[in-house]
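Novice: Protein chains in written order, with my numbering: chain A, 1 to 551; chain B, 1001 to 1371.
If you're looking for bench data, these hints aren't it; they were derived computationally from the structure.
Hints are supplied without guarantee of correctness; some may be wrong.
Stated by the list, open to error - Which bits of chain B does chain A cover? Going by a derived footprint, with three or more residues having C-beta under 8 angstroms, they are:
1. 1078-1086
2. 1113-1120
3. 1238-1248
Quick caveat, the model's predicted, so the values are computed rather than measured.
Even for Gly, the Cβ is constructed at its ideal location relative to N, Cα and C.
Here is what each chain is made of, one letter per residue.
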Amino acid sequence: MYRYDEFDHAFVRERVAEFKDQVERRLSGALTEEEFRPLRLRNGLYLQLHAYMLRIAIPYGVLSPRQLRQLAMIGRRFDRGYGHFTTRQNLQFNWVKLVDIPDVLAALAEVGMHCIQTSGNCVRNTTSDPFAAAANDELEDPRPWCEMLRQWSMLHPEFNWLPRKFKIAVSGAAEDRAATAFHDIGLRIVRGPDGENGFRVLVGGGMGRTPYVGQEIRPFLKKEHLLSYVESILRVYNLLGRRDNIYKARIKILVNQLGIDTFREAVEADWEATHKSAVDLPEDEQRRILSYFAPPDLPPQPARDEKVGARRETDPAFANWYKHNVLAHRVPGYSSVVISLKEPGRTPGDASSDAMDLVADLAERFSQDELRVSYTQNLILPHVAIADIPALYDALAGADLATGNNELLGDMICCPGLDYCNLANARSIPIAKEIAKRFEDPARQEVIGQLRLNMSGCINACGHHHSGNIGILGVDKKGTELYQITLGGNPKDDASVGSIIGPGFRAEAVPDVIDTIVNTYLENRDEGESFLDTWRRVGAPPFKEALYGAR
Amino acid sequence: MVLVDLNTGALISDPQDVATVLEPDADTDALAAAAGGNAGPIAISFPSFVDGRGFSLALLLRERHGFKGEIRAVGQIIPDQGQHLLRSGFDTAVISRPEDTDTWKACITRMRLNYQPSARNTLPLRWDASRKAALALDKTLSETDDLIERIKALRGAIDGRIAFSTSLGLEDQAILHAIAKSGADIDVFTLDTGRLFPEVLETADLSELRYRIRIRLVAPDAAEVEDLVARDGVYGFRQTIENRKRCCEIRKVRPLSRALEGAQGWLSGVRREHSQERADVPLAMWESERGLTKINPVADWSEERLMSYIAENNIPVNPLHARGFVSIGCAPCTRAIEPGEDPRAGRWWWENEEQKECGLHLNPNREGKAA
């Protein structure tokens, strides 16, 4: 992974000092609250319902064991012994005191971490495939390009005061595990006409109030022009994006107002006029960054291990976990292991400091010192030898971290909701817990198969409800929490936004509603179909009938 | 009106009158007209400090319209934007609260580092950081003559893997000794070309026992070697220089590249006295080709200094040295030399002096000469 050198460390130190000064000027009254707010947001500091919330970037989801231990320490010392992994490869602490923030930032800087631009109307943390350099369907490792984007976006002088926030995702594999179509800019590494890799560039995707699937602005961009092309998109957006209405300020609105063709013309014209060689990374700087991402040296091992096979025969819980949470690796004899943070009854995405310490140890013991964080709010050990799997499983099971529900119904994405967030209209965590309890039986989840259930506590869609096969959106209707259901969303290739199925439901009805939807799918599915397949074939009528027919 | 110079944070006492005021929605024609007149300062207006259009406008004036005159920020701006303004192309800003003057100055000067090019810095400090760090390391190393101290200093200066390519020659043995004594974590390897003298491997074995450091043997790609020999013959490298260079390429250069992949530092035993080609190698330099810092910790040592270091420390050396071999490469391409001959005269002795590099240690100061 990328390692900070003296320059990167010094940069973060300067930024920490700058933020400290901004806090002091707010306290002395030199800065008004109106002036201070965007400044603190640019450093990931929110004022929530009960306390300050600090959002820490985990660039493209890559963490070292040392960094995770430091997060565990911060959770213990400055929060309540846990942290919350978000849907954008960040980590949030919900109970930090303002006076402790400088100490927390200093502790983060020690291990090459920061909160820079994790909020505010600027370029946010670039997200990526959590299985980068491990998955067997990868064309090219996306992480170096994410790192180049991270460095380029740090305090970019021209793009620090955009109309609205701006999110970029990069994927380098056949399967899109970074939801690139739901980002302001989505970058897919593809093979070009000359056999050389480059980027397919999508623009204008997003969730929130007005969900859109990103549209293709360029089928192929040479890799060396990544920064200059992204700059041109941002420049057109910075100049033309709406600033009169916060709900219409994202780039997706501009792209759809102008139409993708007109927007493309504007971007290409600006790019044509750009001195590309002055903006794009010089080759040696590219090489410097690429050199940090050499894949670990993994000597191929036998693809089958007798002990693992025997354990799967005799231990059903292990077999179930293995089936869902142990994924294929590019090197024979290895696998990537998903550590589910979705044990039924627990808050999705929360990890205790003890769990973080344990996972850091396991990454050192079993996964070449590497760790990843997924936008589906789980942790991943990317490079585990198959023979080590039983020992790893036992260690995880001892800490209740061996829930075998990756990509199943229980693997819900969920925002913090009304329990923490002051934007929320409705609770989401308690509802998620109720649903998890209803579907607790692994055998039932097994029958249901792959199903993405996503829930947001408000229209801002942090819980990605639009891209859930089943989406749940909490709304406030005249003081009552109501839950609106969308069906048929898909974050992957062939991305789609879910459709609202009908009037919303009260909180206590939601588990029954999900049960009804799942049963309708099971009754209607043909052999081998996933929920999405069935939905796309039969459409809304049987679901509407089942949910509202009796009324 | 209080006008601040964004370069220095000082106040400007006699400001020029503005020739044009651009609103944030100015289009290309408006920018061209303002820049074309060149009549005096252009002001760009900020209706609110969170409205960042003005930053792009200033950049376009500088980069697309070639405007060289003063660009002034007017309207609602805060001191914390001083750096953004300056780097986007602004020279001055009108500040609304005179009591903020000191804050403006502090904000402008506090962030020194940057990652991207801008209207003010075509070479971002980040891009040049590695080169500067290597220069600083070169200076640090030159401040001591003690090899162990040098090893400690370079280990401390470089974050990440440092690889040491040893040929088990005299210089390399001195360095290995210092690595062992310093306790520095360094990845030691030698290129096992398949044509090494048995004495080289004996020396490696002896050194591993003495220093308790594992010396990795890095081998060439077997299929490439098979193809080479099938094409050029067993000793094909004696026929032409091209053949010889191809042999070096497959047996040494490519395996070296593989061994250095991902390393942040590369230690080698190159000395200035070795040849004309190596006469001005630095102690440390940034190698942009490989994206790492190359360090030659005994570059400035004389042969006398080297020999006395080896003798003082009783360092194990290759027994071939006692038989007149100096610079030792592959067995078929190395011979002993006569007293007084150039130290590298025993390498590829049938070729001309200026071509005698295998391609591992290229001197960028002399590009074109060393192929």
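Novice: Each hint: holds or not?
Specialist: Results for each hint:
Counting residues of the stretch 1078-1086 of chain B whose beta carbon lies closer than 8 angstroms to any beta carbon of chain A gives 7, which meets the minimum of three for the stated coverage. Counting residues of the stretch 1113-1120 of chain B whose CB falls under 8 angstroms from any CB of chain A gives 6; the rule of at least 3 is met. Here the stretch 1238-1248 of chain B counts 0 residues with a CB under 8 angstroms from a CB of chain A, which misses the bar of 3, and the coverage is violated.
In the structure shown, a violation is registered for the earlier hint numbered 3 alone.
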